[in-house]
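2 protein chains.
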Amino acid sequence: MPERRLSCPTDVNLPEAAPILPAGPPSHPRVLILGLGLLGGSFGLALRRAGRAGTLWGRDQDAGHQAQALALGLIDQAWQPTAPPEPFDLVFLGVPPGQVQAVLEGLGPWLRPDTLLLDACSVKAPVIAAVEAALGGHAAFVPSHPIAGSHLSGPQAARGDLFEGATVIITPPPGLTVQALRAAWALWEALGARVRELAPEAHDQGLGLLSHLPQLLVFNYLDLVARTGTDLGLAGPGFRDFTRLAQSSPRLWADIALENRPHLLPLLEALRGQLDTLARNLEAEDREALLAGFQRAADLRARWASLQP
Amino acid sequence: MPERRLSCPTDVNLPEAAPILPAGPPSHPRVLILGLGLLGGSFGLALRRAGRAGTLWGRDQDAGHQAQALALGLIDQAWQPTAPPEPFDLVFLGVPPGQVQAVLEGLGPWLRPDTLLLDACSVKAPVIAAVEAALGGHAAFVPSHPIAGSHLSGPQAARGDLFEGATVIITPPPGLTVQALRAAWALWEALGARVRELAPEAHDQGLGLLSHLPQLLVFNYLDLVARTGTDLGLAGPGFRDFTRLAQSSPRLWADIALENRPHLLPLLEALRGQLDTLARNLEAEDREALLAGFQRAADLRARWASLQP
Chain A
171 MPERRLSCPT
181 DVNLPEAAPI
191 LPAGPPSHPR
201 VLILGLGLLG
211 GSFGLALRRA
221 GRAGTLWGRD
231 QDAGHQAQAL
241 ALGLIDQAWQ
251 PTAPPEPFDL
261 VFLGVPPGQV
271 QAVLEGLGPW
281 LRPDTLLLDA
291 CSVKAPVIAA
301 VEAALGGHAA
311 FVPSHPIAGS
321 HLSGPQAARG
331 DLFEGATVII
341 TPPPGLTVQA
351 LRAAWALWEA
361 LGARVRELAP
371 EAHDQGLGLL
381 SHLPQLLVFN
391 YLDLVARTGT
401 DLGLAGPGFR
411 DFTRLAQSSP
421 RLWADIALEN
431 RPHLLPLLEA
441 LRGQLDTLAR
451 NLEAEDREAL
461 LAGFQRAADL
471 RARWASLQP
Chain B
171 MPERRLSCPT
181 DVNLPEAAPI
191 LPAGPPSHPR
201 VLILGLGLLG
211 GSFGLALRRA
221 GRAGTLWGRD
231 QDAGHQAQAL
241 ALGLIDQAWQ
251 PTAPPEPFDL
261 VFLGVPPGQV
271 QAVLEGLGPW
281 LRPDTLLLDA
291 CSVKAPVIAA
301 VEAALGGHAA
311 FVPSHPIAGS
321 HLSGPQAARG
331 DLFEGATVII
341 TPPPGLTVQA
351 LRAAWALWEA
361 LGARVRELAP
371 EAHDQGLGLL
381 SHLPQLLVFN
391 YLDLVARTGT
401 DLGLAGPGFR
411 DFTRLAQSSP
421 RLWADIALEN
431 RPHLLPLLEA
441 LRGQLDTLAR
451 NLEAEDREAL
461 LAGFQRAADL
471 RARWASLQP
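Chains A and B, in that order, give the protein sequences.
All you need for the working numbering is the position in the first sequence, starting with 1, plus 170.
All you need for the working numbering is the position in the second sequence, starting with 1, plus 170.
No lab work stands behind these hints: they were computed from the structure.
Treat the hints with care, as some may be off.
Incomplete in silico selection of chain A near chain B, CB under 8 angstroms [what the hints assert, rightly or not]:
1. L242
2. L346
3. L386
4. L387
5. Y391
6. F409
7. P436
8. A440
9. L452
Just so we're clear, the structure is a prediction, and the values are computed from it rather than from any experiment.
Glycine residues also receive a C-beta, built at the ideal position from the N, C-alpha and C atoms.
Okay, chain A solo, but in the shape it has when bound (with noise of 0.2 angstroms):
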């Protein structure tokens, strides 16, 4: 999987640690936030509490959403498509990657073609042409993927540390420019999160194993399970964890497995492979070659535990 570090990617003046508020005036006067749920209000009070940001703008489809998001503080503003069009210089997509294209349509007035454009989208490819169908290259489109979230959404579960520590995954398009790239790495990092640089396909083939594929297992099988009426009293402290994930919506997952399906289809696949061998290998009590595999199994995990700070 294709992946390099930057060594040194500012060409602003980086806090000495975030969330310091630096002396000059915020790096983005002018903010648009579109969508304003857990992501979108996240990014409004983190950018806010790292000096970031002149004034927040914010729009949701939801209008509850964005009436909260107005009562709990996460923009200043709201916005409408009927506002003078005087450019933003920082616009963040909080939507999920099925409506990417919906939201830019017509938002051409207010965007400058350096204005820096970020997503938080589990898939990247995808967005990446949905948004070159929707602007064709009229902002500084740099796309980024948190790793960071909870199962809680809307507005009230917005919280200004959210990408603390988190990683975040910027995955060039083609055209990208050097100074919008770093401006991005800087503004992530200035919100506390590490950044990485991934090529879009290896960002989507590694989450859509790492993630998406969890996630698609965990409902087929809570859905299995719903079929079968089993008593769910039997069930212990093994099942709370492994199901964790079914506490996420379904909406946007129906949308991140349907964008991420050129992945995900041969990974499902190579998965119905390992079950019928695991199946094989339960008829023919074949104790070795059964213990070898969950041996692995467990190895990685470990492998994975050692990996965390």
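Dock chain B against chain A, hints included.
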């Protein structure tokens, strides 16, 4: 799934609330624990805390475990099959299902027909067969599955409160006497557990679905990840919860999977059917079908959560 609760299964004097020491002599003067890991060690501690044990003998194939159990005070004395044949009042099996028959072979001289024999295995029908093969009814075996545990194992992980608040499922074998059932029931309650009764096959089917199948899915998912060589740095908090089961012992789980394969093979087949449907829905981009399944899963998870104390 057949189940019934006994309203008042006591013909022994129960303390008002565990773990208050009863005034009289311990209900089980001579106790033997075979297998001194997490479950066996915790059983010894809990039994003493509840004032139920006279002298606690113990034995483990692993000499190091046995020495630790003595040093930690989980048992009073090490026991050997060369000891004088004085019958025990209570024997607890803290070994994996595949070892039950072997540890019971030759134990006859230390058992009376009314010696209460308990196990803690996650699979019941094969264990009932193993006990029958080893002892042929020469003990009052009450198959018990405490749905409690930890990814920790060994005598050092033993805790006197392991069974407090846990559900213990009793699966009566043919020929079980009412007296033995009531004695086991009262004993588990004295250790703080909630007791349920379930037919052995219903237990193995239900636990196969709610415990063993998730374990197999996590092991096989991680084995797939290991084969791809994917960068684990991309894994987020969802990965941690989803894969937590892989901290359990591969050897124990190979044993459980083999013992319960009559139930696990059809469950695996059903899950593979579920994944086939998922792949078809992804290929057809059938958002409504995907969403409906994900929603059924999320609803079931929410229903399970609402049942938790």
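- Task: List in ascending order the numbers of the hints, as given earlier, that are violated by the structure.
- Result: 1, 2 and 7
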